[in-house]
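*Asks:* Protein sequence lines, in the order shown, are assigned to chains B and S. With my numbering, letter number 19 in the first sequence gets 19, and the count goes up by one each step, no holes. With my numbering, letter number 88 in the second sequence gets 88, and the count goes up by one each step, no holes.
Among these hints, one or two may not hold up.
[Unchecked claim] Residues on chain B that point at chain S, a partial pick, calculated with CB under 7 Å:
(1) Arg11
(2) Gly12
(3) Thr15
(4) Lys19
(5) Arg23
(6) Arg26
(7) Gly94
(8) Asn95
(9) Val97
(10) Leu100
(11) Leu101
(12) Thr102
(13) Pro103
(14) Arg259
(15) Ala260
[Said to hold, decoys possible] Okay, derived cross-link-like pairs now, SDA-like style, lysine to any residue, Cα gap no bigger than 25 Å in a straight line:
(16) B:Lys253 to S:Gln74
(17) B:Lys257 to S:Pro90
(18) S:Lys140 to B:Val92
(19) B:Lys18 to S:Asp112
(20) B:Lys257 to S:Gln74
Just so you know, these hints were derived from the structure itself, not from any lab. Backbone N, C-alpha and C define an ideal beta-carbon position, used for all residues, glycine too.
The lines below spell out each chain.
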Amino acid sequence: MINNSYLNSFRGPWTLLKKELLRFWRVAFQTVAAPVITALLYLLIFSHALESHVHVYDGVPYTSFLVPGLIMMSVLQNAFANSSSSLIQSKVMGNLVFVLLTPLTHFQFFIAFLFAAIIRGLVVGLGIYLVAMWFVDIHVTNFWMVFAFALLGSALLGTFGIIAGIWADRFDQMAAFQNFIIMPLSFLSGVFYSIHSLPPFWQKLSQLNPFFYMIDGFRYGFFGKGDVSPLMSLSIVGASFLVLAMITLKMLKSGYKLRA
Amino acid sequence: MKPAIQINGIHKNFGGLQALKGIDLTIAQGEFFALLGPNGAGKSTLISILAGLIKPSAGNISVMGFDVVNQYQQARQLLGVVPQELVFDPFFNVREMLRFQAGYFGRGPENDAWVDEILEGLGLADKAHVNMRKLSGGMKRRALIAQALAHKPPVIVLDEPTAGVDVELRQLMWEFIKKLNNQGHTIILTTHYLEEAETLCSRVGMMKQGEIVALDSTANLLNKFAGKQLRLTLGNVNLPANIQVLLRNQENGIYTFALNDMTQIELVLSSLRAAEIRVMDMQLSEADLEDVFMSLVGMSSVSKS
Numbered sequence: 001m002i003n004n005s006y007l008n009s010f011r012g013p014w015t016l017l018k019k020e021l022l023r024f025w026r027v028a029f030q031t032v033a034a035p036v037i038t039a040l041l042y043l044l045i046f047s048h049a050l051e052s053h054v055h056v057y058d059g060v061p062y063t064s065f066l067v068p069g070l071i072m073m074s075v076l077q078n079a080f081a082n083s084s085s086s087l088i089q090s091k092v093m094g095n096l097v098f099v100l101l102t103p104l105t106h107f108q109f110f111i112a113f114l115f116a117a118i119i120r121g122l123v124v125g126l127g128i129y130l131v132a133m134w135f136v137d138i139h140v141t142n143f144w145m146v147f148a149f150a151l152l153g154s155a156l157l158g159t160f161g162i163i164a165g166i167w168a169d170r171f172d173q174m175a176a177f178q179n180f181i182i183m184p185l186s187f188l189s190g191v192f193y194s195i196h197s198l199p200p201f202w203q204k205l206s207q208l209n210p211f212f213y214m215i216d217g218f219r220y221g222f223f224g225k226g227d228v229s230p231l232m233s234l235s236i237v238g239a240s241f242l243v244l245a246m247i248t249l250k251m252l253k254s255g256y257k258l259r260a
Numbered sequence: 001m002k003p004a005i006q007i008n009g010i011h012k013n014f015g016g017l018q019a020l021k022g023i024d025l026t027i028a029q030g031e032f033f034a035l036l037g038p039n040g041a042g043k044s045t046l047i048s049i050l051a052g053l054i055k056p057s058a059g060n061i062s063v064m065g066f067d068v069v070n071q072y073q074q075a076r077q078l079l080g081v082v083p084q085e086l087v088f089d090p091f092f093n094v095r096e097m098l099r100f101q102a103g104y105f106g107r108g109p110e111n112d113a114w115v116d117e118i119l120e121g122l123g124l125a126d127k128a129h130v131n132m133r134k135l136s137g138g139m140k141r142r143a144l145i146a147q148a149l150a151h152k153p154p155v156i157v158l159d160e161p162t163a164g165v166d167v168e169l170r171q172l173m174w175e176f177i178k179k180l181n182n183q184g185h186t187i188i189l190t191t192h193y194l195e196e197a198e199t200l201c202s203r204v205g206m207m208k209q210g211e212i213v214a215l216d217s218t219a220n221l222l223n224k225f226a227g228k229q230l231r232l233t234l235g236n237v238n239l240p241a242n243i244q245v246l247l248r249n250q251e252n253g254i255y256t257f258a259l260n261d262m263t264q265i266e267l268v269l270s271s272l273r274a275a276e277i278r279v280m281d282m283q284l285s286e287a288d289l290e291d292v293f294m295s296l297v298g299m300s301s302v303s304k305s
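The following block holds chain B by itself, in its conformation from the complex:
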């Protein structure tokens, strides 16, 4: 049974990934449809209220400007929600033990939860885009830029979700993560405005927010314009992902909060 180890070492993490994907897909109404509706409501309300009041980039209407920001915000929030809620649920229900008893390595565990989070983020993002493109004038000018930011952004937040899921022992601790870290960082990242419209102090402060670079770089892929250089954003997002991934792998390897 230890022969065929190449196939086996692939099948283990693939099974965990498949289970994680099915887990959110079974409740897609809540995990995909709901965030798409929420984003579209934001789009409807903000574009209606602010279209004629807010000037962003020359030649880019506010509603079009808003769409990539909302897509990316949803991608990030859902990638985080996927890994964090799966882990905290499994911990509270006690069924994480089924995974902990297996020969899966900490790296395989990480990869499975990471890719499930990325895929959930991308599915939600794609859903918003497919609906929004019918009534907002929006085109992708640089597909690879859009893809790279969506991928790295969801990877970063998926990883952060794993950290939160491992750390939190109760649902209210997880809610604190969502409400006091994820929500403020995503709302204050330039989803609804260009940071050039902010006073200098707030501009500087925004530049400390990693969400800002993910939104700005993603938006660059649509309009070819951004508040900062997309390559700089990509480097910052990529480096942040690597740092968080290292921390997560270290936590998983040590068994922090998972193996007493």
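The hints should help you fit chain S onto chain B, whose structure is shown.
*Replies:* Structure of chain S alone, referenced to chain B:
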């Protein structure tokens, strides 16, 4: 042949509490072994260390020669553990859970026939497509056992598998587990139901306060610690001195003697006859593990206090 389980000097401290104080234990392949002990004795802690859910403070455990810490992948591949808590994943049905569980161990569609065999053997076949959430407590317990068996492990650990399970299911479950044992699987069982350990297991380890206080074949333990018991209803009498050494207990005119062999019956009865004491009632009973358990746990708590 490497032992199924080799435990060397396992210590586990939780803060100031010494949960395990140096456990040494070897379980051979093919054994049906029972680990008994009162709550808090450290049975589940020991099993969690074996399963890799808890890290030992000192010592090591290997499963068929593979260290559970340094060679955890090989060790876990060989090990199936039924957890004590009735946990389940509410998103999936029974068959899906079993396929996932086998998949984590690298097993794919070629394992489906075995999954069917488990479902059949545990009486779960007609529940295969029912969501885990909708199963009754007894059915959830069966599913939990099935999950531990999904990758066909040669060493199977059942931690209190029959807690809260009705008699019918217990019978069914033990039939299936016995069949696995006959096919060569090593079974390690912790239980509170001593009669289960007595009928099923060839060898027994008894734990108390983080230590193993007895380790022997079930038959030897029964002989060594209890033998047979003779209960005589005599009324209020003065027992002849020569049989007082055999007296274990005296209550309301009922005298219980512990006998090492059957010839002592004749000794007791003839002494009573000589002293003109009339026997009003007589019962002869085999000792059971409960007696061994009580005498051991009782004895060691006396010797410690």
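*Asks:* Confirm or reject each hint.
*Replies:* Evaluated hints:
1. The closest approach between the C-beta of Arg11 (chain B) and any C-beta of chain S is roughly 5 Å, which is under the 7 Å cut-off, so the hint is satisfied.
2. Checking Gly12 (chain B) against chain S: minimum C-beta separation of about 5 Å stays under 7 Å; hint holds.
3. The closest approach between the C-beta of Thr15 (chain B) and any C-beta of chain S is roughly 3 Å, which is under the 7 Å cut-off, so the hint is satisfied.
4. Evaluation of the Lys19 (chain B) hint against chain S yields a held restraint, the C-beta minimum of about 5 Å falling below 7 Å.
5. The beta carbon of Arg23 (chain B) comes within 5 Å of a beta carbon in chain S, closer than 7 Å, and the hint placing it at the interface holds.
6. Residue-level restraint check for Arg26 (chain B) holds (minimum Cβ-Cβ distance to chain S is 6 Å; threshold 7 Å).
7. Satisfaction of the interface hint for Gly94 (chain B) is found here, the shortest Cβ-Cβ separation to chain S being roughly 4 Å, below the 7 Å cut-off.
8. The beta carbon of Asn95 (chain B) comes within 5 Å of a beta carbon in chain S, closer than 7 Å, and the hint placing it at the interface holds.
9. Checking Val97 (chain B) against chain S: minimum C-beta separation of about 5 Å stays under 7 Å; hint holds.
10. The interface hint given for Leu100 (chain B) holds, since its Cβ lies 6 Å from the closest Cβ of chain S, which is under the 7 Å cut-off.
11. Checking Leu101 (chain B) against chain S: minimum C-beta separation of about 5 Å stays under 7 Å; hint holds.
12. Hint status for Thr102 (chain B): holds, given a least beta-carbon distance of 4 Å to chain S, under 7 Å.
13. The interface hint given for Pro103 (chain B) is met, as the beta carbon of that residue sits about 4 Å from the closest beta carbon of chain S, less than 7 Å.
14. Look at Arg259 (chain B): its Cβ gets to within about 6 Å of chain S, closer than 7 Å, so that hint holds up.
15. For Ala260 (chain B), the shortest C-beta to C-beta distance to chain S is roughly 5 Å, which falls under 7 Å, so the interface hint holds.
16. For the proposed pair Lys253 (chain B) and Gln74 (chain S), the alpha carbon gap of about 17 Å is at most 25 Å, so the pair holds.
17. At roughly 23 Å between alpha-carbon atoms, Lys257 (chain B) and Pro90 (chain S) fall within 25 Å of each other, so this suggested pair holds.
18. Restraint check for Lys140 (chain S) and Val92 (chain B): satisfied, since their Cα atoms lie roughly 17 Å apart, inside the 25 Å limit.
19. In summary, the hint linking Lys18 (chain B) to Asp112 (chain S) is supported, as the alpha carbons are separated by about 17 Å, within the 25 Å threshold.
20. Only pairs whose Cα atoms come within 25 Å are accepted, and Lys257 (chain B) paired with Gln74 (chain S) is accepted, the gap being roughly 23 Å.
The earlier numbered hints are all upheld by this structure, with none contradicted.
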